[in-house]
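Residues in the sequence shown are numbered from 40 upward in steps of one, following the working numbering.
To be clear, the hints were calculated from the coordinates, so they are not data collected in a lab. Just so you know, even glycine gets a beta-carbon here, dropped at the ideal spot from N, CA and C. It cannot be assumed that every hint is accurate.
[To be verified] Have a look at the derived ranges for each label pair, beta carbon to beta carbon: (1) 72 with 188: 27 to 37 angstroms; (2) 217 with 529: 48 to 58 angstroms; (3) 178 with 490: 44 to 54 angstroms; (4) 112 with 275: 27 to 37 angstroms.
[What the hints assert, rightly or not] Derived DSS-like pairs (lysine-lysine); straight-line CA-CA distance at most 27 angstroms: (5) 176 with 116; (6) 328 with 514; (7) 215 with 164; (8) 303 with 514.
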Amino acid sequence: MKKSIFISAVIFVMLMCGCAYGFSDVSTDDWFYENVNGMTENGYLSGYEDGTFRPSGIITKAELVSVVGRVSGLEEKKSQTSHWAGGMLQAALDASLYDWDEIPPTGETFDEPITRQLAVKIVMKAFLPDEKGDYNKVSGSVSDFSDLDGRYYDSVIAAYSNGVVYGDDKGRLNPKASITRAEACAIIMRAADKRGNLKPYTPPEAAEPPAPVTSVSGGASENGRLRVDGTRLVNERGETVQLKGMSSHGLQWFANFATEDAIKATAAYGANLFRCAMYTGEGGYLSNKAVKDTLISAVDAAIRQDMYVIIDWHILSDGDPLANADAAAEFFAEMSERYADCPNVLYEICNEPNGGVTWDGNVKPYAERIIPIIRANSDGIILVGSPTWSQDLHEAAKNPLSGDNIMYTCHFYAGTHTDWLRQRIADCNLPVFVTEWGTSAADGNGGVFLDEAQKWIDFMNERGISWANWSLCDKSESSAALKSGANVSDGISADELTESGAFVFGNF
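Whole structure, please, built from the sequences with the hints as guidance.
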């Protein structure tokens, strides 16, 4: 995300609108004051929205490398992951600031706390790579030098000898302990000062935000057959359409919330979309073909309610869509023939590719097999996921599919996916449909995170992006829209909605 200037939603942030001085928890008497103030003056650091710096907070590998990379002038590179800091971490790895095994580029340790010895190595490699030190002097003065791993000797010795690092009041480095924000700020600033030519950071001019999209709502009788025009979903008159509704949970588990009564009750709140999540694994279609009958019943019910409806081939545990491509081909041949002339139906051909699959190697070849099967019967909207649980839109953008009426899905959960994923949507220049999102963290629990969810709602409304919320059920998780035991046979009352449900239903 080269257009994105922020570093992280939770820690060091590249300053966007002037320097933030006078942190409420940083005083002129603090040992780290000059270093924190220096980085802030130069535009490399701001604090939290409440005016604090939180000097004792622990810094992660991704956060430290990102700050070091910005201050030392690294340019982001193509990353192997969708992590917000992946581009800078790849650049740091390529610059030999650390080794592959210390922070694997596959991303699984990016958000772990960084050890002091590794932090020192990265800082010294970035700013003072040619500096040396006296082994005998440093090893004799650092009381826990023997705790240091041998690969860090040179960097630590150079850091001590050049005044970048000092031990604690007992002469200890604590090399394998984590490092705090204040400590990280201090060693970065000392090393940068030692190198010299530290320049104030001036962020690139932000791109002009797109003009808000005027979109219409309404059901299939009003909008007719949908199509894709550029990056927009439009109706038969060419007007941008925004579909808003609910996704079912797994039909094999919560069929009682995919009935005519449940769908009708959802439509009564203004929803014009229902997504039928037919799991392939987890006891779903591949082992229980009867779940297809539940899906057909739900699709037909949504059509009777004048709603648009998504037939979702909900891969999850079978993360590679190619793994069951034969079954998918057979299924979509049947569904597209059944609903060939129906303008209400959209086809989501792979829910969340995951588990190390790639766009070029797995998802695109799968889509290129399934799309012609659907097109033999229907010109309806086809929705295609991307790797990393339908978040790698940037990879799809590099090598998009050919053909008409194809959209790319994005899935988010407000407690986990924030500015970086919104930026990815803004940058990809693809027609995007958010076929699944939740107010919770990515595991369906935590929160609910309504402030962040509102940011997402505003973002989607401004761009006319259609969405389906996860999920219409009474499961004991914070993303569920209904309270336990909710009875949808007579509608959905306000007191049957969870906090998440009330928020989502209020945004139809």
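Quiz item: Failing hints, ascending?
Solution: 4 and 5
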